[in-house]
Amino acid sequence: RKRYRDAAAAFTHERGESSGSAARFLDTLVRHDLMNEEDVPTQGSVRMRSQRERKAWAQNLLTVNLPLESGDEFQWQVQSPLRALQLAATEIPWFRSMLRDRLPANGGDVEALLYTDEVVPGDVLQPNPARRAYAFYMTLLNFGLLTQHPDSWLTMAVLRTSVAHAARSRLATCAPHLLRAWKPDLNEGGVLNLGEDDARWVRLRFIAVCADEAALAGLFGFRGAAGRKPCWLCRNLVARGAADQVAVDLPGGRWHSLANPYMRSFERNSDTDIWTGVDLLTAEQDNMSNAAFQDLQRNMGLHILEDSVVCNRDVREHLPPSTTCFDVLHNFHSGGIVAYEVFSFSRRLCELGISRADLATLVPRTFESARGERTLESLCAKLLDAYFGEKQWRIDGSTQQSILPLLHYWAVNFNGPQRAEMRAEFESLILLCERVVALSLLQFHQQDFMLDKLAALETAHHSKYCEAYGESAVRPKHHYTLHQTQQFRRYGAVLDTKACERKHQAMKEVVENQITRTTSFEFTVLSCLRFCEKQEQSKRPASWWQYTVQRKPQRADELRCPFQNVQVGSPLVWNLREGHLCMLLEELEETDETITLVGRRGVLKAEPAYCVCEWQLTAERISDTLKAGPQRWRPSRYWRKAGDSLLTIW
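Reminder that position 339 of the sequence shown reads as 336 in the working numbering, one-by-one numbering, no gaps.
Mixed in with the good hints there might be a few duds.
[Said to hold, decoys possible] 25 Å max Cα-Cα, derived BS3-like pairs, lysine-lysine:
(1) K505 with K379
(2) K536 with K(-1)
(3) K52 with K388
(4) K450 with K602
(5) K536 with K549
(6) K531 with K379
(7) K(-1) with K531
(8) K450 with K495
(9) K602 with K638
(10) K495 with K505
(11) K388 with K495
(12) K638 with K624
(13) K461 with K388
(14) K531 with K495
(15) K536 with K505
(16) K52 with K(-1)
(17) K505 with K52
(18) K505 with K531
(19) K52 with K450
(20) K536 with K495
To be clear, the hints were calculated from the coordinates, so they are not data collected in a lab.
Construct all of the structure, not just a fragment, from the sequences and the given hints.
Right under this line is the structure:
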């Protein structure tokens, strides 16, 4: 019975499961004569075992005393970053081998990424605001493309939105108090034991805080998009409302609006500039009227908050303003520029006689993909009116990324009379699609010339969007997306947090299915998420984080890794500085040390649009051996083959 109890307790750590669901499963086994009734542990014993395991793990937690507006303190339990890495290395074999491979061989400073966002349990039609909470996740920049998978991110803390709003400086209170709790990991560092006589001293350094604009502004204590200075990184950018008071976008002028597409026009705020501004404002606060002081804060785009990280000299160097990272998901897809532009474009089409239902029918479905044709039907259905709100396209980022290649191909080839009347809108949509695919190429292949292409597309699309929809349609997110090129030059990677959105789904399931009251909410959710992470990470084989070949009967062989799957029969495309190359993958050759891709060579016949290519397949067989790091090829998103002719999209 003890073994059954321990197994049932482990089952309760699965996503969304509880002691009640474990008891129901055991009862089902008894009814089917697969288990003796006297061996069934009680539901209470399973619950107590699960709670003991969580309480034992809780010995590793830190307690942060968060000051509240009422004068009380809230005891907030959070994880230590180095301790979380050590637990993952001890319990998860593949995580341990990944750390051995990616950490400096002789130890040293390690660059870390921090992500935060608000999670709202429930669904769009019936959210549960009482259980809204902020989640904080961490990973290492050394993990490279593995940061695209949720299992590489570790949950550091959970805080109810109601508690954050009750804090003395709201969300801004969290950052300095978290950093003080993490000071030993950030100042002195610690030793990570990676097994087999491998111990390395590591000191963490946060180099990027990835989040949407609202979370970034709230965490740092800036005014953000709602203020006169919507971007705290750009000194001479002014919002639309304030642009009437100064001359903007004049040749040789200093002040620029959101409509300006040239990043070289903007003066960069350094960390010292912002800290100096904060210190000067703080010193002058007692010498000014409240109205004048508030107006000065608005002009500088700052909040002077006693608990904000920029106002606390003892910790602000650990999380300087320059760590701001405008992530891809929130600025392009989830309420970003793609969602706004597809909404505006489809609305213009409706005015000219092509409804969204017509558009869903016009988008081609005659392509092969790893998803299958039935999924293409469901994808195109996401263009119907039901998926559009009052201002934007309301579908998730992953679905948008799947539909955009098809929409891109349709926009390039559409020749109806509406095209002449919507010339600027069509050109803007095509440039937007090219911009998204260029960002994806840079994200996974990281070749320098792709960075130049992305920078050119950023400027071209921003200008064309203003021409098509007017400067009044430009939003702060259009400006934030212009920072992608600069961010890549700094981090050497495109930092996308779509993986963290998938972790949000786990948190929602935990809150909805396992949390019955809000007492000890933070500890209970954090412990459930930690054990859920452990369960899901433990299911991965030791070599999971590397490329592996999966061979199954009656299915095509498949090359797999956490961020990319490629089936035999798929076309691979090389975007090279000196030209393009295509391979129709026919075989995966595997030895103890290497994996080689073998297939037919494709010669480029035409490129009607960026990353929309027509190929002529030849009899020549070519091969490519996988290398460490990003590959130079990409699996095509959609393709169509007729004889020796091949069309690839993205």
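Here is how each hint holds up against the structure:
no. : hint            : result
1   : K505 with K379  : 24 Å, holds
2   : K536 with K(-1) : 23 Å, holds
3   : K52 with K388   : 47 Å, violated
4   : K450 with K602  : 22 Å, holds
5   : K536 with K549  : 19 Å, holds
6   : K531 with K379  : 35 Å, violated
7   : K(-1) with K531 : 22 Å, holds
8   : K450 with K495  : 23 Å, holds
9   : K602 with K638  : 14 Å, holds
10  : K495 with K505  : 16 Å, holds
11  : K388 with K495  : 22 Å, holds
12  : K638 with K624  : 28 Å, violated
13  : K461 with K388  : 20 Å, holds
14  : K531 with K495  : 20 Å, holds
15  : K536 with K505  : 21 Å, holds
16  : K52 with K(-1)  : 19 Å, holds
17  : K505 with K52   : 22 Å, holds
18  : K505 with K531  : 17 Å, holds
19  : K52 with K450   : 52 Å, violated
20  : K536 with K495  : 21 Å, holds
Hint violations for this structure: numbers 3, 6, 12, 19, all remaining hints satisfied.
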